[in-house]
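Novice: Listed here are the chains, written in short residue letters.
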Amino acid sequence: MAEKKRTYVEDIDRSLYDFRNEDAAADRKNEGLTPEIVREISERKNEPDWMLQHRLTSLEVYNSMPIPDWGPSIEGLDMDHIVTYVKPDTDQQSDWESVPDNIKDTFDRLGIPSAEREYLAGVGAQYDSELVYHSMQDSAAQMGIVYSGIEEALEGEYADLIRQKFMTLIPPTDHKFAALHGAVWSGGSFVYVPKGVKLDYPLQSYFRLNAKGAGQFEHTLIIVEDDADLHFIEGCSAPKYNVANLHAGAVELFVGKRAHLRYSTIENWSKNMYNLNTKRARCDEEGSIEWISGSFGSHVGYLYPMSILAGRKSQSSFTGITFAGRGQNLDTGCKVVLGAPDTSASVETKGISKDGGIQTFRSSVVATPKAAGSRCTVSCQSLMLDDRSRSDTIPAMDIRCKSVDIGHEATIGRIGDDKVFYLMSRGISEEEARTMIVNGFAEPISKELPLEYAVEMNNLIKLEMEGAIG
Amino acid sequence: MTSNPLLSCRGLSASVDQKPILFDIDLDIPQGQVHVLMGPNGAGKSTLGHVIMGDPVYDVTGGEVLFDGRNITDLSPDKRSRLGLFLSFQAPVEIPGVPLSSFLRAAIEGREGMKMKNKEFKKRIAELADELDMDKSYLNRELGVGFSGGEKKKVEMLQLLLLQPKLAILDETDSGLDVDALSVVSRGMELYRERCDGTLLIITHNTRILEHLQVDEVHVMVQGHMVAQGPASLIDRIDANGFEEYENELAAQQASAK
Ligand SMILES: Nc1ncnc2c1ncn2[C@@H]1O[C@H](COP(=O)(O)OP(=O)(O)OP(=O)(O)O)[C@@H](O)[C@H]1O
Ligand SMILES: [Mg+2]
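Protein chains in written order, with the numbering used here: chain A, 717 to 1186; chain B, 2 to 259.
Note that these hints are calculated values from the structure, not bench results. Values in this document were obtained by computation on a predicted structure and should not be read as measured data. Don't take each hint at face value.
Unchecked claim - Which bits of chain A does chain B cover? Going by a derived footprint, with three or more residues having C-beta under 8 angstroms, they are:
{"hint": "1", "region": "1127–1140"}
{"hint": "2", "region": "1155–1169"}
Said to hold, decoys possible - Keeping only pairs whose Cα atoms sit at most 20 angstroms apart, straight-line, the calculated EDC-like set for lysine to aspartate or glutamate is:
{"hint": "3", "chain 1": "B", "residue 1": "80", "chain 2": "A", "residue 2": "1001"}
{"hint": "4", "chain 1": "A", "residue 1": "1163", "chain 2": "B", "residue 2": "95"}
{"hint": "5", "chain 1": "B", "residue 1": "20", "chain 2": "A", "residue 2": "1133"}
{"hint": "6", "chain 1": "B", "residue 1": "153", "chain 2": "B", "residue 2": "128"}
Here a beta-carbon is modelled for each residue, glycine too, at the ideal position from N, C-alpha and C.
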């Protein structure tokens, strides 16, 4: 059967890509991304044909699209040899010895168990949380919730649904890295919450990080049906180390009528990473999406979770924090489309820059002509910890409807010397005093996280403040 | 019996952004005594308190600060605090997002003789809040944020009683308080004196707070200079006549020096 599939695949391929193929064959050594490579990925996964087609179309788009000419520089990415970032299972022949010391050190300080360390460092195949994942999966299943790897779900009961939704919120044509994702995506989660089902504990993707290929081009697809409720937590605070330092994941969230989804993330990529992640949610009537987003780590980051408020009275709230330290340029924010009457959105972000780090808040609010009676407030606060660091705010608004109410406020400040002195006069060291103030600044975000994550985030801030994470 | 004073400033001068504020200040406070520092607005009283505590905003341009037998002139404020110095701020700061109780916990962390389990700590601060007529819910609120002026001063007193320093400078801890709060702060001072034989330097414009205390000595500052010191009776004299005579005296001295 696999044999048949293969032939079929090649037929499709030929009809679409013959010309290119020859080209590609000729300059294989140039390591551009070719249909062969994409087919290889697809074959290995034994996935349905429509997916292969999707990959190949995405590849077309990828090859025809320019590199973004705005935002932080991605010059360090070797775009001519993009294949070195995407070659599946090249297994990076890395070992624990080759993991940089600063990463190992951070694992020590965060108290990550050794099995997980190896996995997180990208050198371990398996780790113990498999069990946790399965028990979580089982108890969710009892409520009719599907929580699985997206690749396995492509063959199951929800295959058609996935086909209907996959990369419709984030089409490959969205931008070059969305196209790349479409061509080479691998791993990720699928969650389906049936009508009216409310799960009262969060599902955490942390526990299934060991899915093959996850953490680089993973695709997350979550469907929360009408009147249902879910909290999903992505990521963890430990720095994920990857020799191939490009992350271009995609997250697509579908929120039904009167449904609610809270999507929490703490990302902490190792500091060689280019994080070009795309996340998008769509809400139907009276549905609501809540984003909680902590961006740490990475060398360069572009991240703007987007809420499309498509149904009347749907809502979005975005709470985010970004910490840019030495050598980091993190461009984060969010996008909101007020696309129906009486929608409401709020955006609250905190940005911190330190040791020459650059942190930019970028937001886009679009009110379509249908948005009458909608409201949106954007508030962003930045804290620059020294004179070498930079914080900027770039808010954009596109208002095509008269009766909408949109407010924006931004402040950029520094830590007051009077505050540091006050704390120090109580016996608190300078470093601790500054950390305390920064943690306090981040508190509106951390209080939205489950306790253990909030603690992790505070520890993370502490480590960043010490400059302990290289 | 000539024991060294607990705190002494010797020829202490300080400036901010090259602008001199304190000139050649001498001050001695023996252990266990209550001293009062008075002076018109802008005389430099708060500045002196901050410089003694080590506020890096000010440059010490001359002289030294000795505390408990050590020269602390170059010590950072946290180290001074851990040696037993305390400053109750005239204008306590606000630190958003940091609960008062966590801040207090950090303040006693690692101090000698203050090791306590979390439960014990919670109990202790709750008791102190009680003694100071503070609602315990304040302990979970963000440090200073949304506190009234009087509430902020009570929080300063709570820290005084928690930390039990060897010497406390109370910078207008009594100003802006209603009658009830004033008696709470008075009680706090008495408790501090009783419980740890505390030494006080009280900066105030208001003699009422001093009624229940036995004042050992009064210091008067004008325009950054220490211009007089004497017994408690000085307080009444200032109350009656203000600072004019000291100002005139200083002006005359400065004229003759030229
Ligand atoms: N950080 C600073 N920057 C600039 N000037 C300062 C600073 N601190 C104090 N000063 C100046 O030094 C002088 C003394 O101020 P200080 O606050 O010590 O007075 P004070 O005696 O405490 O007055 P008050 O009774 O009003 O509290 C004032 O002229 C004040 O403006
Ligand atoms: Mg003052």
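Novice: Each of the hints needs a verdict: does it hold here or not?
Specialist: Against the structure, the hints come out as follows:
| no. | hint | in the structure |
| --- | --- | --- |
| 1 | 1127–1140 | holds (count 8) |
| 2 | 1155–1169 | holds (count 6) |
| 3 | B:80 x A:1001 | 59 angstroms, violated |
| 4 | A:1163 x B:95 | 19 angstroms, holds |
| 5 | B:20 x A:1133 | 19 angstroms, holds |
| 6 | B:153 x B:128 | 18 angstroms, holds |
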